[in-house]
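Asker: Sequence:
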Amino acid sequence: MTTMRKIGVAVAILIALLVAFGILYAMPRASVVMITQTEVQRREVPSSATSKSRDMLLIYATDYQSKKPLVFRNEDNLFYFKVDSSDVASHAARLSKDNPDGAVLVRYYGVRIPLFSAYPNAISLTEVADDYAHIPWG
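Heads up: the sequence shown at position 110 corresponds to 107 in the numbering used here, and the numbers run straight through without jumps.
Treat the hints with care, as some may be off.
To be verified - No farther apart than 27 Å at their CA atoms in a straight line, the calculated lysine-lysine pairs in the DSSO-like style are these:
#	residue 1	residue 2
1	K79	K94
2	K49	K79
3	K65	K94
4	K94	K64
Simulated from the structure, these hints should not be mistaken for laboratory data.
Let the hints inform the model, and build the full structure from the sequences given.
Answerer: Set out below in structure tokens:
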């Protein structure tokens, strides 16, 4: 194999990995969780002229089956027609106080990247029965 051929194969593999990550990030998923807490964090947005900040709404949850802790952000996103982040935050706060051990189906997109403090974005919350089994596309 020539050097140019090896470089071409490496570039093709890199492009395939980037496309696969993009699909993984963009495809909505769902998890059954118990919502434990909500929080608003102020984040500084880097800007050349002035220092700006924005609020990030976080939803802390525990996976219903594995008991693994999960964190979701809650921000508007026009691509998913989500313009009700305040309503979702209110619903999450109510669920964390009124029924902290209840099962909730969280639809979300994105991945958790601890290095960059990136969280998946919650699209919607739905109360479900304790024995609920989510079937995607069903």
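Asker: So which of those numbered hints doesn't the model satisfy?
Answerer: Those not satisfied: there are none.
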